[in-house]
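Protein chains in written order, with the working numbering: chain A, -4 to 314; chain B, -4 to 314; chain C, -4 to 314.
These are calculated hints, taken from the structure and not from any lab test.
You may find that some hints are simply not true.
Below, a sample of chain B positions facing chain A; criterion: calculated Cβ distance under 7 Å [said to hold, decoys possible]: (1) Val18; (2) Phe94; (3) Pro214; (4) Thr281; (5) Asp284; (6) Thr288; (7) Tyr311.
Within a straight-line C-alpha distance of at most 25 Å, the following computed SDA-like cross-link-like pairs (lysine to any residue) qualify [claimed, not checked]: (8) B:Lys278 to A:Gln277; (9) B:Lys105 to B:Glu203; (10) B:Lys6 to C:His213.
Part of the chain A face toward chain C, derived, beta carbon under 7 Å [said to hold, decoys possible]: (11) Glu40; (12) Phe94; (13) Tyr311.
Glycine included, every Cβ here is placed at the ideal spot set by N, Cα and C.
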Amino acid sequence: MWKDLLENVRKRAPRIHCISNYVSMNDCANILLACGASPIMAMDEAETAQITSICDGLTINIGTLSRATIPAMLASGKRANELGIPVVLDPVGTGASDFRTESAVRLLEKIRFTAIRGNASELRALSAASADALEPRTRSERKERTEGRSEICPGTAEDSCASGVDVSALDRVTEDNLDHWLSFVKDFAGRTGAVIALAGSTDLVADEDTALVIRNGHPMMSRVTGTGCQLSALTAAFLAANQTPLKGAEENHNYPVQVSSRSLLPVAAAICAMGVCGERAQKRLTGLDGNATYRNYIIDAVYHLTPEELETEAKYEMR
Amino acid sequence: MWKDLLENVRKRAPRIHCISNYVSMNDCANILLACGASPIMAMDEAETAQITSICDGLTINIGTLSRATIPAMLASGKRANELGIPVVLDPVGTGASDFRTESAVRLLEKIRFTAIRGNASELRALSAASADALEPRTRSERKERTEGRSEICPGTAEDSCASGVDVSALDRVTEDNLDHWLSFVKDFAGRTGAVIALAGSTDLVADEDTALVIRNGHPMMSRVTGTGCQLSALTAAFLAANQTPLKGAEENHNYPVQVSSRSLLPVAAAICAMGVCGERAQKRLTGLDGNATYRNYIIDAVYHLTPEELETEAKYEMR
Amino acid sequence: MWKDLLENVRKRAPRIHCISNYVSMNDCANILLACGASPIMAMDEAETAQITSICDGLTINIGTLSRATIPAMLASGKRANELGIPVVLDPVGTGASDFRTESAVRLLEKIRFTAIRGNASELRALSAASADALEPRTRSERKERTEGRSEICPGTAEDSCASGVDVSALDRVTEDNLDHWLSFVKDFAGRTGAVIALAGSTDLVADEDTALVIRNGHPMMSRVTGTGCQLSALTAAFLAANQTPLKGAEENHNYPVQVSSRSLLPVAAAICAMGVCGERAQKRLTGLDGNATYRNYIIDAVYHLTPEELETEAKYEMR
Chain A
-4 MWKDLLENVR KRAPRIHCIS NYVSMNDCAN ILLACGASPI MAMDEAETAQ ITSICDGLTI
56 NIGTLSRATI PAMLASGKRA NELGIPVVLD PVGTGASDFR TESAVRLLEK IRFTAIRGNA
116 SELRALSAAS ADALEPRTRS ERKERTEGRS EICPGTAEDS CASGVDVSAL DRVTEDNLDH
176 WLSFVKDFAG RTGAVIALAG STDLVADEDT ALVIRNGHPM MSRVTGTGCQ LSALTAAFLA
236 ANQTPLKGAE ENHNYPVQVS SRSLLPVAAA ICAMGVCGER AQKRLTGLDG NATYRNYIID
296 AVYHLTPEEL ETEAKYEMR
Chain B
-4 MWKDLLENVR KRAPRIHCIS NYVSMNDCAN ILLACGASPI MAMDEAETAQ ITSICDGLTI
56 NIGTLSRATI PAMLASGKRA NELGIPVVLD PVGTGASDFR TESAVRLLEK IRFTAIRGNA
116 SELRALSAAS ADALEPRTRS ERKERTEGRS EICPGTAEDS CASGVDVSAL DRVTEDNLDH
176 WLSFVKDFAG RTGAVIALAG STDLVADEDT ALVIRNGHPM MSRVTGTGCQ LSALTAAFLA
236 ANQTPLKGAE ENHNYPVQVS SRSLLPVAAA ICAMGVCGER AQKRLTGLDG NATYRNYIID
296 AVYHLTPEEL ETEAKYEMR
Chain C
-4 MWKDLLENVR KRAPRIHCIS NYVSMNDCAN ILLACGASPI MAMDEAETAQ ITSICDGLTI
56 NIGTLSRATI PAMLASGKRA NELGIPVVLD PVGTGASDFR TESAVRLLEK IRFTAIRGNA
116 SELRALSAAS ADALEPRTRS ERKERTEGRS EICPGTAEDS CASGVDVSAL DRVTEDNLDH
176 WLSFVKDFAG RTGAVIALAG STDLVADEDT ALVIRNGHPM MSRVTGTGCQ LSALTAAFLA
236 ANQTPLKGAE ENHNYPVQVS SRSLLPVAAA ICAMGVCGER AQKRLTGLDG NATYRNYIID
296 AVYHLTPEEL ETEAKYEMR
């Protein structure tokens, strides 16, 4: 099923507006070009909404957040919602500072995100901080959510688990705590209406009803800065090319999946694609190649990845 | 004739002030170092004019424009004009938002640019928006200009042709519409006093009187972010090393060309150099190399390009 | 002695807060990941102090300084001083504009830096501009300092020596003027309480009492943008992993050197490591590889450098 999703990206060449961070901006642009999409970076409130309106998708990344950029993010997100184009949030570092956490919550309150992609620490911090804003629908759901969290971080205050842009050791997804994290991502998806993508050695992606466990990728990817940001940009491209007919597209694509899965599967496809490319790139490395060459090879691999290879090499299971 | 122009860059090592965009800033610095020039990036109005005054050339790139940076650009451009050092404008995304278009026009009104380098959509949007500010000198020129444009974008409002940072399909330069674009660039050069460099699969560069058609480069260059920005930086280096005696240079170089061509030929040489390096880099690519490796190889090729190779491999014709 | 210093970086994985410049931010993040450290980039005053407080080291780089970032730098530096974690200053371009020079002096007045790393022009400009703020302790020291400078820049006003981000020709460290520069760095170290690291074809590093001359590296490193910035980030990682017990570390490492050398040797180790990696990376280059590939290979070399290789290949002498 992944095949068509990538093929649509290559064929439809969606234009993606990235309100990105300074560290990974160049990589995000190049990975979008690698997958066949077209990047636009614009970050001043004076133009962001208008730029969004000529694009097919939007990604908002708070990796080097500044106060000046928040209104730009809000304006673009609002416009994307009005136009019905997909919006991806990458809440980099949520939990690491009050400013990041509060800003991420504010974005979550004002913008309806199609997908939210981060590591376990970031997503948990965002979920906890937004709990009041996004009330769980039943008491039992609230209870389950709270228990899930307290078992993952036993004996610690929740905020102390979130520690910067890397995942806290206590937040590591393992086979043992997989069920807890699966119920966390489904619950968070239910509360936000977004597909939740949790990045780790095992990736989880879920909407309210369905979760996928994805086992692609290579541990060395965490030694390259911005691979997460790049995946968020890629996710917006997969969503834009697959979720809604692109503006000006003459014929509506016949989606191989049900309407309710229109967001889940493109997000999952982006994760599989990034993971498969991380594996393929790692195999190219020779003895002297390190994380800088790996960075290039991952993008190179996206450039060459065929729909058939993605179909064959994606490792996932429904949960 | 290209040989000396590159040799001067290598020998004179001009210092270039880049007010650049965040996406391609690192690449611009590295390509300047590759060609033998020396980059300085400074973007706060508190220092930009002073930084410009210790440099031999200036490039202004609006790729990630913010309101805060415009006064810095104006201050630097003004200082460069006072000092008589070359200034290059890269009007990235002009036409994609009112903010970009209006800012680009404002720069054009306040600064005398030595060269303006962009794709067809950007240049056409800039030309249209600045039409009032830069009155054509005769009625017949105005008429010709208008006709040229309407044939290229039949039946469409002009603004709707400009679409982001990539060239619109309607703005593609082909053998069929080459004459229209040639008269456009000459006309725009006449109105602005700048050399106009129009980037595409075929590159055009012109002053008021003379145009060159350059057929170097490789289509894959459009899959690497920031190759245009890099070329603008390179253009400033070629202009700085060839147009005016560098400050402190003990002897005035004997230019092989006439005074009136002092700006046209260095700009053309930069375009040829970038195109030749795009070709040479592409030949190095193996089966698994994609746009990220290509990005590196283009800069590597600039590092190694000899004056003789540029002379031999430049493909151009006078028009 | 270098072996343990690198081993501690690999083992302790210090988290480094970089308030960096836009040009080299991505490279700084990747070189930190390469050496085993973990980067966080945050630059808005709304969060920088809090981000610093969850980190083990801080580096402040003024390469693309803006007025908005200065309060963020001051807040982070102050917090780092309160917490006793190391702070590195990279005064990029000091001397090139009044804004840079004054800002660098202000940082020097308000923050106690563990190390200051720059080229000869930058350090001399900073030393001269901060002379009033940081009074030399005796008249004879003041005299010696002044003489040292005037011999290096005979017949020129001091400010005219500082020329942008590259070292001025007059500031080049040679075997002939080595003694003058050695007394300069020791003196500046004495006045600031920081380890002073002077980058050049020969690197000098000194505290008030002891200086080391380091002869690693390759001239081609100056053709890669941001190698200095990367070294400053690396320096913060070496300091953080070696100077103070990391927060939460269960046992205090037995340092192989005296307390007074706790800052000098980690800084020297970072310089040796960068130089050794510059040499190793240069040996990998084939005929067509230029500065872009070299950029990647340097970071790759840091990724693979073993403590034993650093021990064997470091070229230094005590002075």
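Going down the list of hints, with the structure as the test:
1. Val18: holds (5 Å)
2. Phe94: holds (4 Å)
3. Pro214: violated (12 Å)
4. Thr281: For Thr281 of chain B, the interface hint is violated, since the closest Cβ of chain A sits about 10 Å away, which is over 7 Å.
5. Asp284: holds (6 Å)
6. Thr288: Constraint on Thr288 of chain B satisfied, holds at 5 Å.
7. Tyr311: Since the shortest Cβ distance to chain A is 28 Å, the answer is violated.
8. B:Lys278 to A:Gln277: With Cα atoms ~24 Å apart, Lys278 of chain B and Gln277 of chain A stay inside 25 Å; holds.
9. B:Lys105 to B:Glu203: Since the Cα atoms of Lys105 of chain B and Glu203 of chain B sit roughly 20 Å apart, the hinted pair holds (cutoff 25 Å).
10. B:Lys6 to C:His213: Distance of about 21 Å is within 25 Å: holds.
11. Glu40: violated (15 Å)
12. Phe94: holds (4 Å)
13. Tyr311: With a minimum Cβ separation of about 28 Å from chain C (threshold 7 Å), the hint on Tyr311 of chain A is violated.
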